[in-house]
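Number of protein chains: 2
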Amino acid sequence: MAAPAPTTQQEMRRRNLARVLHAVADGGPLSRAAVAARIGLTRTAVSTLVDELLGAGLLVELGPGRSGTPGRPGTALALSDRGPCGIGAEIGVDHLAVCAVDLRGEVRARLAVDAANRGSDPGPVLRRLASLVREVAEEVRAAGLRPAGVAVAVPGLVARGTTTVVQAPNLGWADLDLAPRLREDALGPDAEDAVCFVDNEANLGALAELWLGGHTPPPEDFVHVSAEIGIGAAIVVDGELLRGTRGFAGELGHVPVRPEGRPCACGGIGCLEQYAGEEAVLRAAGLDPRAVADGHPGPGARIDLLAGRAEEGDHAVRRALNGAGTALGTALTGAVNLLDPQTVVLGGALARLAPWLLPSLERELGRRIAGPPPVAVSRLGPDGPLLGAAHSVVRAVLDDPLARRG
Amino acid sequence: MAAPAPTTQQEMRRRNLARVLHAVADGGPLSRAAVAARIGLTRTAVSTLVDELLGAGLLVELGPGRSGTPGRPGTALALSDRGPCGIGAEIGVDHLAVCAVDLRGEVRARLAVDAANRGSDPGPVLRRLASLVREVAEEVRAAGLRPAGVAVAVPGLVARGTTTVVQAPNLGWADLDLAPRLREDALGPDAEDAVCFVDNEANLGALAELWLGGHTPPPEDFVHVSAEIGIGAAIVVDGELLRGTRGFAGELGHVPVRPEGRPCACGGIGCLEQYAGEEAVLRAAGLDPRAVADGHPGPGARIDLLAGRAEEGDHAVRRALNGAGTALGTALTGAVNLLDPQTVVLGGALARLAPWLLPSLERELGRRIAGPPPVAVSRLGPDGPLLGAAHSVVRAVLDDPLARRG
Chain Z
1 MAAPAPTTQQ EMRRRNLARV LHAVADGGPL SRAAVAARIG LTRTAVSTLV
51 DELLGAGLLV ELGPGRSGTP GRPGTALALS DRGPCGIGAE IGVDHLAVCA
101 VDLRGEVRAR LAVDAANRGS DPGPVLRRLA SLVREVAEEV RAAGLRPAGV
151 AVAVPGLVAR GTTTVVQAPN LGWADLDLAP RLREDALGPD AEDAVCFVDN
201 EANLGALAEL WLGGHTPPPE DFVHVSAEIG IGAAIVVDGE LLRGTRGFAG
251 ELGHVPVRPE GRPCACGGIG CLEQYAGEEA VLRAAGLDPR AVADGHPGPG
301 ARIDLLAGRA EEGDHAVRRA LNGAGTALGT ALTGAVNLLD PQTVVLGGAL
351 ARLAPWLLPS LERELGRRIA GPPPVAVSRL GPDGPLLGAA HSVVRAVLDD
401 PLARRG
Chain D
1 MAAPAPTTQQ EMRRRNLARV LHAVADGGPL SRAAVAARIG LTRTAVSTLV
51 DELLGAGLLV ELGPGRSGTP GRPGTALALS DRGPCGIGAE IGVDHLAVCA
101 VDLRGEVRAR LAVDAANRGS DPGPVLRRLA SLVREVAEEV RAAGLRPAGV
151 AVAVPGLVAR GTTTVVQAPN LGWADLDLAP RLREDALGPD AEDAVCFVDN
201 EANLGALAEL WLGGHTPPPE DFVHVSAEIG IGAAIVVDGE LLRGTRGFAG
251 ELGHVPVRPE GRPCACGGIG CLEQYAGEEA VLRAAGLDPR AVADGHPGPG
301 ARIDLLAGRA EEGDHAVRRA LNGAGTALGT ALTGAVNLLD PQTVVLGGAL
351 ARLAPWLLPS LERELGRRIA GPPPVAVSRL GPDGPLLGAA HSVVRAVLDD
401 PLARRG
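Protein chains in written order, with UniProt numbering: chain Z, 1 to 406; chain D, 1 to 406.
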């Protein structure tokens with residue numbers, strides 16, 4: 001309690017509105033009485049809050065029954081499937097994707113296109129992304145939904161609490177604020193009150209794992225490792241992302257694993273990315289990364305190639321993935337010693353390659369740590385960042401339901 | 001807001017009492033009006049809270065003046081120097097220490113004795129510690145203070161949220177709950193409601209740095225590296241300790257820095273401790289660690305020896321410390337990439353050795369990271385853990401002032 005937050009009546013009301021919504025989101029449909037029991041407020045207080053949320057179109061009544069409490073059946077409350085929705089967008093090195101998710105967490109629209117974004121001019125890429133967002137927004141508006149904002153996943157570093165991409169080496173972008181270029185252009189009539197988030201893809205993938213990973217109970221402390229071209233990671237501590245001072249935490253790809261090894265594009269030496277990144281693995285398998293990239297454009301194409309060959313028993317590819325697993329294990333030994341996570345999760349492209357990475361990764365962890373944490377494989381795989389983006393907008397609505405927005 | 005805390009009137013009152021106390025702790029002496037302005041409550045509400053805290057002996061009135069607001073001078077409120085106090089205790093490999101700190105943060109009593117605790121039977125060590133605590137408690141009771149509890153710093157892993165030392169390799173202790181052995185024995189008449197904390201020395205050192213390090217503003221995100229025999233670290237994120245799932249976070253000493261290097265007592269390979277721990281440095285300087293330990297017992301004696309020789313220009317010692325700095329830099333490269341801290345702080349014995357560690361440490365960080373964070377040297381040095389322990393009890397009182405205790 002170093003800097004306690006102000007506790008006014010006004011703020012209590014906002015918090016309590018959020019608590020009602022979260023209770024219904026986590027356990028719904030629920031009667032008013034069941035909501036009251038869950039959050040420890042009186043039935044009368046809850047009824048007032050519920051009326052407000054019904055009026056704002058965030059909750060709906062499903063009719064009597066299903067209340068779970070004895071006596072007169074209450075009316076069951078559910079989150080609206082016509083209220084606000086969150087739009088997620090993803091800028092990949094090889095693709096653009098957009099989706100919309102309603103308050104219930106259902107994906108209501110989705111678009112993806114191949115795109116050669118490496119070393120690109122941001123202008124055309126962002127205009128194309130905005131046009132995809134408009135298309136998705138129109139589709140969900142036709143279904144009675146209101147976009148409450150857009151969140152964008154990028155393969156790069158984003159300054160904490162801002163919408164500025166500080167550095168996205170694989171796109172070739174630096175110091176670029178995405179919000180002014182996207183907000184008006186993409187959300188049109190809803191732009192003024194809409195939220196606009198920009199975040200690193202690994203962070204959003206980790207949030208998706210936290211919210212949608214299907215773990216019961218969800219892990220509170222984990223390291224989420226993912227890969228597109230580079231190696232990214234995100235650290236979740238007590239159920240929250242650890243962002244770091246500038247927002248750059250989670251750079252597992254630049255942890256030294258061979259301290260006097262290969263020079264890295266980051267300026268460092270022997271970074272994990274030089275031993276477990278996509279290019280390093282292709283090279284270790286005797287393949288020419290550039291030729292493979294030309295022959296296999298599009299999202300996930302090189303990963304599919306590697307996975308396909310490994311499945312067929314290609315020794316060189318299996319050996320390369322085995323080596324990448326070992327390097328991941330060395331870097332994760334450092335992360336586990338520093339963070340003491342409950343579990344390590346392999347997401348993104350690493351989920352697809354897990355069968356050939358896991359044995360050496362776990363062997364390496366076991367060789368260096370007594371009682372290492374379990375390594376799990378994400379069920380969301382490459383969908384994580386896009387879903388995490390859309391859900392982060394939905395969460396913003398649930399956390400502060402009556403903020404002017406959308 | 002995944003799991004919002006209950007917000008009842010009762011809890012608001014407790015929170016607001018704490019906010020009044022923290023306001024006076026951070027900015028006092030303050031008038032009631034100044035407190036109200038700082039925490040955003042009405043003067044009337046603050047007066048009621050202040051009366052309660054005056055009645056409980058936590059606040060005192062200093063007489064008119066010094067209010068900082070225009071108009072009729074208010075009565076200045078200050079924390080009491082006769083109310084509850086926190087007792088800190090430290091179990092080192094070579095010593096035991098105990099101190100008492102009042103609500104104002106003043107050290108009111110302090111005792112330290114040499115002790116050969118390596119490979120010791122816990123019973124006699126804890127009885128000796130309890131007797132030191134009793135002595136300090138009697139001294140502060142005579143000055144009108146009430147011990148509100150005791151916190152113990154140990155050189156080992158403590159299970160999160162418990163008082164159990166899971167492993168303290170340099171003491172030779174494992175799976176030992178300190179609370180039942182200390183509480184009654186040490187605090188006597190105050191035992192029933194007293195708090196009893198046990199924590200890793202590096203964690204308490206980092207908390208001391210956060211609370212007492214003299215940084216303005218205090219850093220919110222830092223890695224605090226310290227050493228006694230081994231290398232410990234603690235990670236502060238957003239002004240809070242990152243503890244990890246089991247409470248074992250911060251094990252920088254076991255981050256691999258030479259992945260195929262020397263075997264470590266932990267079972268790992270090439271851990272930092274093998275290159276920057278006390279024994280490793282003595283050995284690298286051509287000294288026999290056991291002979292040096294026999295010849296230089298007592299807290300800090302080997303560190304004094306190393307610092308003395310380095311000051312005199314001893315090449316072997318300087319080279320050994322230079323190597324240790326490089327190894328620290330390699331391990332910290334991983335930590336900085338993962339955590340993106342605002343700063344790295346060298347504390348404990350490392351603060352004393354900083355003049356000879358820093359150049360190579362900073363060179364190594366700079367070689368591997370573009371724009372590395374600054375490395376600062378703690379002003380608290382080896383006093384950190386003991387002061388952090390006592391202050392953690394004081395903080396517990398400030399955070400929940402009217403809990404039955406002491």
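Treat the hints as calculated values from the structure; they're not laboratory data.
Hints are supplied without guarantee of correctness; some may be wrong.
Simulated coverage check for chain D against chain Z, where a stretch passes if three residues somewhere in it have a Cβ under 8 Å from a Cβ of chain Z [what the hints assert, rightly or not]: (1) 45-55; (2) 139-150; (3) 166-179; (4) 339-345; (5) 357-369.
Away from chain Z, derived, C-beta distances all over 10 Å, residues of chain D [stated by the list, open to error]: (6) Thr8; (7) Val107; (8) Ala116; (9) Cys196; (10) Gly250; (11) Val255; (12) Leu287; (13) Ala307.
What you are looking at is a predicted structure, and each value in this text was computed from that prediction instead of being measured.
Where a beta carbon is used, it is the ideal one built from N, C-alpha and C, also for glycine.
A quick look at each hint next to the structure:
no., hint, in the structure
1, 45-55, "violated (count 0)"
2, 139-150, "violated (count 0)"
3, 166-179, "violated (count 0)"
4, 339-345, "holds (count 4)"
5, 357-369, "holds (count 3)"
6, Thr8, "violated, 7 Å"
7, Val107, "holds, 21 Å"
8, Ala116, "holds, 28 Å"
9, Cys196, "holds, 20 Å"
10, Gly250, "violated, 7 Å"
11, Val255, "violated, 4 Å"
12, Leu287, "holds, 26 Å"
13, Ala307, "holds, 27 Å"
Figure legend: structure checked against the earlier numbered hints; hints not met, in rising order: 1, 2, 3, 6, 10, 11.
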